[in-house]
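A.B. asks: Here is what each chain is made of, one letter per residue.
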Amino acid sequence: MSHPCVVTLDSRSAPRTLFSGDQLVEVDLPTGTRVIYPKPPLEALKNVDAAIRYAINHPYNSEPLYAKLRPGMKVTIAVDDISLPLPPMRRPDIRERVLTIVLDLLNDYGVDDVEIIIATSVHRRMKDWEIRHVVGDKIFNAFWPKKLYNHDAENLANMKFIGTTDEGEEVEINRRAAESDLIIYVNLNLVPMDGGHKSVAVGLCGYRSLRAHHNPRIMRDCHSYMDPKSSALNTSVVRMGRLLNKKVNVFTIETTINNRMFDRPLEFLAKNEDDLTANERSALRALRFTLSKVPQPARQAIFQRVPSPYGVTGVFAGETEATHENTLRRSFDQYMVPVVGQADILVTGIPYISPYNVNSFLNPLLVQVMASGYLFNLYRGVPMVKKGGTMIILHPCTDLFDNEHHAPYIEFVHRLLPETRDAMELHKRYEKKFSQNPAYIEMYRFGNAYHPTHPFFMWYWGEAGRQHLGRTIVVGADNEYIPQLLGWETARTMDEALRMAKQTAPAEPSIMCLHAPPILMADMSVGRQPAALEASRT
Amino acid sequence: MPASYFDVDGTLITTNLVHPTLFYMLNQPTPLHSVAKLGRALVKAPWMVLAETRDRRLFNEMLFTSFEGVSEDRLVCLAEETFDKVMKPAILPKARDLVQCSLDKGHDVVLISGALDFLANRLRDHLGATDVIANRLEIKDFFATGKLLRPVVAGPEKARLVREHARAKGHNLDECFGYSDSYSDVPMLSVVGYPAAVNPDRRLKLLAQAYHWPILDLAA
Chain L
1 MSHPCVVTLD SRSAPRTLFS GDQLVEVDLP TGTRVIYPKP PLEALKNVDA
51 AIRYAINHPY NSEPLYAKLR PGMKVTIAVD DISLPLPPMR RPDIRERVLT
101 IVLDLLNDYG VDDVEIIIAT SVHRRMKDWE IRHVVGDKIF NAFWPKKLYN
151 HDAENLANMK FIGTTDEGEE VEINRRAAES DLIIYVNLNL VPMDGGHKSV
201 AVGLCGYRSL RAHHNPRIMR DCHSYMDPKS SALNTSVVRM GRLLNKKVNV
251 FTIETTINNR MFDRPLEFLA KNEDDLTANE RSALRALRFT LSKVPQPARQ
301 AIFQRVPSPY GVTGVFAGET EATHENTLRR SFDQYMVPVV GQADILVTGI
351 PYISPYNVNS FLNPLLVQVM ASGYLFNLYR GVPMVKKGGT MIILHPCTDL
401 FDNEHHAPYI EFVHRLLPET RDAMELHKRY EKKFSQNPAY IEMYRFGNAY
451 HPTHPFFMWY WGEAGRQHLG RTIVVGADNE YIPQLLGWET ARTMDEALRM
501 AKQTAPAEPS IMCLHAPPIL MADMSVGRQP AALEASRT
Chain Y
1 MPASYFDVDG TLITTNLVHP TLFYMLNQPT PLHSVAKLGR ALVKAPWMVL
51 AETRDRRLFN EMLFTSFEGV SEDRLVCLAE ETFDKVMKPA ILPKARDLVQ
101 CSLDKGHDVV LISGALDFLA NRLRDHLGAT DVIANRLEIK DFFATGKLLR
151 PVVAGPEKAR LVREHARAKG HNLDECFGYS DSYSDVPMLS VVGYPAAVNP
201 DRRLKLLAQA YHWPILDLAA
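Protein chains in written order, with full-length UniProt numbering: chain L, 1 to 538; chain Y, 1 to 220.
Derived from the structure by calculation, the hints contain no laboratory data. There's no promise every hint is true.
[Claimed, not checked] In silico BS3-like links for lysine-lysine, alpha-carbon gap of 25 Å or less:
1) Y:Lys105 x L:Lys432
2) L:Lys68 x L:Lys46
3) Y:Lys140 x L:Lys127
4) L:Lys428 x Y:Lys94
5) L:Lys432 x Y:Lys94
6) L:Lys432 x Y:Lys169
7) Y:Lys94 x L:Lys433
8) L:Lys39 x L:Lys229
9) Y:Lys169 x L:Lys433
10) L:Lys160 x Y:Lys105
11) L:Lys68 x L:Lys247
12) L:Lys160 x Y:Lys169
Take the sequences, apply the hints, and build the full model.
C.D. replies: Here it is, written out as structure tokens:
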């Protein structure tokens with residue numbers, strides 16, 4: 001018997017409502033299609049502050065935080081950036097609550113040399129109001145901007161080389177953190193690929209370290225990013241993190257949240273369409289109508305301006321790996337939906353948000369990341385779709401970029417992708433030169449743009465999906481050249497896309513629909529087609 | 001090796017051509033000379049405003065007529081002081097970073113400015129730039145005539161000068177970078193492979209947005 005979150009459609013099933021950017025689209029899927037829904041939100045902790053205190057006083061594989069403190073020591077607190085969670089969390093953000101307790105403790109123990117660094121790595125700098133949202137007014141007013149600031153991976157004088165792993169990966173992190181007596185990392189774990197050694201070894205590093213694992217060779221070896229045990233990216237990061245933890249003193253605090261992405265009025269978006277009440281069906285119709293009538297900036301505001309009512313489900317602290325093991329367990333509890341058997345055709349909507357477009361537009365390169373990267377990788381075990389299978393996505397693929405945040409993306413999409421889509425060639429021929437563009441570096445360091453290497457990483461992020469999938473078909477694209485640049489086909493309707501997909505699928509293909517967001521992960525097992533599944537792993 | 005071509009006034013420094021010129025006028029041998037110079041400049045001011053809206057080259061030529069009759073010695077003697085008092089404090093801190101970043105990446109950094117060469121050379125030395133393309137005053141019998149030697153560095157002429165410089169130094173223009181704050185420099189920005197708008201005026205900003213050129217704010 002299948003899990004309650006796996007719904008098999010029959011002839012009486014209602015149409016499914018999927019995201020297509022910031023629009024909602026109704027699609028009729030064939031009888032027999034398995035639709036995977038997210039699990040209901042886990043119950044949130046009742047007393048979060050108590051859980052934080054308990055975690056730092058009873059850490060895993062480490063002495064309590066208070067025992068590590070002594071007056072006059074130098075402490076750096078690093079904090080996850082705005083890419084987590086999605087959309088941003090309703091205030092108080094869990095990071096504010098952790099920081100408040102940790103800073104009080106540091107103060108009690110006479111530790112006054114404290115700086116807080118937003119661990120942006122090569123992400124864009126967070127704006128002051130975004131940082132205020134994350135850390136709260138009190139901490140912001142006390143620390144910003146001298147003692148609370150964004151990491152700058154291009155300030156080479158402020159980066160410190162730590163060493164090289166046995167595999168030749170160079171570990172270099174923020175000098176202030178490296179030279180501190182203690183680094184406290186305050187994490188917010190949205191998906192299982194977050195946290196662990198990735199926090200310090202990636203969040204506070206620069207291009208010199210990132211190039212060791214953010215490359216097409218490593219990305220092709222990830223099965224999947226969301227399953228750390230099967231991710232070459234994670235393996236590399238762990239090696240680097242272990243080396244780092246030998247040289248610096250790291251105390252990790254990780255937190256998990258449930259998947260309550262939509263507040264009450266929109267909660268029905270996560271429900272099985274057959275189970276909607278009459279009121280919810282009317283609300284859904286009204287929402288779809290409104291979204292189809294209002295201009296794009298208003299649609300963006302409807303979804304992005306309203307913070308999510310996420311509940312905190314766990315707080316864990318201590319030594320990095322022991323802490324992260326518990327975090328992962330909690331994260332998998334929320335997201336994993338057991339699914340038996342791969343599909344020939346995977347259908348999914350692409351929503352309006354990704355970790356890289358908070359407060360901006362989901363540009364074409366990020367649509368690619370969401371499809372071939374994040375959504376394709378929302379599995380453990382084997383991919384949801386068979387090797388050579390088809391992924392059908394819904395998105396307008398509008399040729400629109402945020403000039404401020406995504407300046408280097410524009411050149412990548414319009415100047416490099418027409419030359420080649422081959423990730424290896426892009427990596428070898430263009431990445432180094434592109435990463436040295438002084439204008440983009442300036443925009444990264446002093447503006448709010450992503451680092452010039454970031455669009456390359458975004459392309460590599462889709463590499464495992466591209467290598468595995470036979471075809472990707474976009475439904476509802478408002479142009480043909482962007483899908484073409486990305487290597488995708490287009491269809492005007494879902495029926496047309498399914499007809500196209502069936503041409504290269506076996507007779508009576510198995511169709512699966514990923515009903516996200518909110519986030520979910522398919523815990524895939526081989527099921528009825530062991531031979532085919534084994535083949536798809538290789 | 002690529003080159004980075006930087007416009008100066010408004011791009012790397014907050015002042016424009018008028019500020020150093022004014023400093024020279026106020027520092028004539030006697031106060032009477034200064035008043036006379038200022039008076040003549042005031043008379044020409046409306047025409048200069050008109051010229052600025054029509055043709056940047058014409059504006060430069062009108063502005064530098066204020067140097068007519070100034071001795072070559074005085075031009076050189078006052079250059080250091082003008083640079084220290086007018087130009088140096090006006091250099092944008094982030095402009096230094098951008099120039100340094102370009103040098104670090106192995107670029108030749110070329111300043112291309114409507115300013116006079118004896119001032120632009122000092123800025124080049126101060127920023128560690130590689131080269132400078134600037135306006136030159138005509139000198140006759142050790143005194144400035146108030147005329148500019150050809151070519152006048154302004155507007156579309158800058159594009160030709162950049163092309164010429166790149167050819168002479170062996171730079172591939174497709175690999176070169178260009179930075180300016182002004183719509184009047186669009187021809188110059190259009191000949192390089194990597195143009196960028198820096199602290200752009202309204203018209204340049206609109207153009208940069210339309211063509212997806214990077215927009216840098218060095219003044220923030």
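A.B. asks: Next, verify each hint and record whether it holds.
C.D. replies: Hint-by-hint comparison with the structure:
1. Y:Lys105 x L:Lys432: holds, 11 Å
2. L:Lys68 x L:Lys46: Violated, at about 28 Å.
3. Y:Lys140 x L:Lys127: violated, 56 Å
4. L:Lys428 x Y:Lys94: violated, 31 Å
5. L:Lys432 x Y:Lys94: holds, 24 Å
6. L:Lys432 x Y:Lys169: holds, 24 Å
7. Y:Lys94 x L:Lys433: holds, 22 Å
8. L:Lys39 x L:Lys229: holds, 23 Å
9. Y:Lys169 x L:Lys433: holds, 21 Å
10. L:Lys160 x Y:Lys105: holds, 20 Å
11. L:Lys68 x L:Lys247: Given pair Lys68 of chain L, Lys247 of chain L holds - Cα atoms ~16 Å apart, limit 25 Å.
12. L:Lys160 x Y:Lys169: Violated, at about 37 Å.
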